[in-house]
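**Q** Each chain is listed here by its residues.
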Amino acid sequence: MPPEDAGEPVADDEVLYRRVSDRSGWYDPSLDRPIAWEAFRPNERDLDGISLWRARSYESPERVARIGAKANRQYFLLVLRAGTLRSVGATMLPTPSPAGPGHVTLANLSAIEYRRDRNAVRELAESIAHDLVEDVEGPFGPFDVTEG
Amino acid sequence: MIAVTKGTNLLTDEPPPSMSTGAAPEAALASDLTRSDVHRMQWQQVIDEKLVEWGRYPAQLAEPDLIPPTDSAIRSAVRIAMDMRDASPSHPPPLRVVPDGDGGVVFERWEGSSSESIEIHGDGGAEYVQIRNHRVIQRTAWPTE
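Chains A and B are the protein sequences, given in the same order.
This note's numbering applies: residue 17 is where the first sequence begins, and numbers increase by one.
This note's numbering applies: residue 2 is where the second sequence begins, and numbers increase by one.
One chain only, chain B, in its complex shape:
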């Protein structure tokens, strides 16, 4: 879990193998910046390029199968992303940041058959979910205040 199960945390312990957020490759930056610096920049990109854009123009995502993130979900997602960014050291950024299709947002990382996600719901509440071999092995509330 991101802040609970030290040692198995994909979102806290391991560097990201790749990013879908358009973030600069770590190798190119590693000589001048610490890993934490890079993670901080990548979280900022998540905020600026995804969350803020979705909050400004939610209709850009709307489809019959996709209800765009609500204002409450965006606010909670930004708050969580800022907390992850500002932690010391900064937490690894998610490999995928997507709308959940029902008014929420999901941050997700994975490695092998395991994955972790923070599901931010349309009402602004959030949960941490850990998956192994397609099975939910943990689901707990994630603080958003």
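Just chain A, same shape as in the assembly:
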């Protein structure tokens, strides 16, 4: 069983996933900039920051892709390394989530930060999307779920 790590600080060598659906268009391998910065833009619900998931908390990336999955969709995981995120000033906080274990928020990319300084949020999102994503896992799904 993977470790339950709620509250445990995120180590520099940890892999974190940002989950995106195929319908968002935020990952398009046909483009020379395949990852859109919008994948890291907070929305009004992201009061503490956008959600990332700790790889160490799951038996496989596919299990992360299943979190809250909707019918008839596929999901990609954008692979990030905690240390490289810190190198550009990102702050990651373990934040328990009812959706599953290993939830981390990226505090610099929150709804509050966006309202305070949307240029700073845009610049950090651009940097992460274009320079810091180490790999893309997937697509995973579609999954057999009851809610669509």
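Some hints here could point you the wrong way.
Claimed, not checked - Pairwise CB distance ranges (calculated):
#, chain 1, residue 1, chain 2, residue 2, range
1, B, Asp49, A, Thr100, 38 to 44 angstroms
2, A, Phe159, B, Pro90, 42 to 48 angstroms
3, A, Ser46, B, Arg140, 26 to 32 angstroms
4, A, Pro114, B, Ser114, 37 to 43 angstroms
5, B, Ser37, A, Asp160, 46 to 52 angstroms
Claimed, not checked - Partial list, computed: chain A residues near chain B (C-beta under 8 angstroms):
#, residue
6, Arg49
7, Ile66
8, Ser76
9, Gly84
Since the hints were derived computationally from the structure, they do not count as laboratory data.
Beta carbons are placed, not taken as given, at the ideal position from N, Cα and C, and that holds for glycine.
Dock chain B against chain A, hints included.
**A** For chain B alone, coordinates are given in the frame of chain A:
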């Protein structure tokens, strides 16, 4: 900027190197159509295949991390796309058209380390944003009326 900084405008001056909208390749059409004609068709595809579809079925995009475009955002995006389509000559279409995840829509083009985007927000307002080397060098209101 799309209509401001002539000479540096990715959305106005240069042909698109590729499209993510499923538009027909320019080379295949160049013999019979002008570049402006092709751009006009590509903008129309943005309207028909993305914006209208999102407006009809916003729930198809909904995720915990993605609030679908609002009606106001879709209306403004369609209006801007029509203006770009109908300009003479027609403006180059965006390389990427995506929801911003917070009720809005973004049109974006890029070349090298520079990019331009029109961010249409959930309230229907819009901004033009120019980026160079991951830095915002310009952000100005974009007319939507």
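**Q** Hint by hint, note whether the structure agrees.
**A** Taking the hints in turn, this is what the structure says about them:
1. B/Asp49 <-> A/Thr100: 38 to 44 angstroms: Given about 40 angstroms between the Cβ atoms, the range holds.
2. A/Phe159 <-> B/Pro90: 42 to 48 angstroms: The hint (42 to 48 angstroms, Cβ to Cβ) holds, given that A/Phe159 and B/Pro90 are roughly 46 angstroms apart.
3. A/Ser46 <-> B/Arg140: 26 to 32 angstroms: Hint holds: Cβ distance 28 angstroms, inside 26 to 32 angstroms.
4. A/Pro114 <-> B/Ser114: 37 to 43 angstroms: holds (41 angstroms)
5. B/Ser37 <-> A/Asp160: 46 to 52 angstroms: This hint holds: roughly 48 angstroms between Cβ atoms.
6. Arg49: Constraint on A/Arg49 satisfied, holds at 6 angstroms.
7. Ile66: The hint holds - A/Ile66 has a Cβ within 8 angstroms of chain B, the shortest such distance being about 7 angstroms.
8. Ser76: Nearest chain B Cβ about 21 angstroms off; hint violated.
9. Gly84: holds (6 angstroms)
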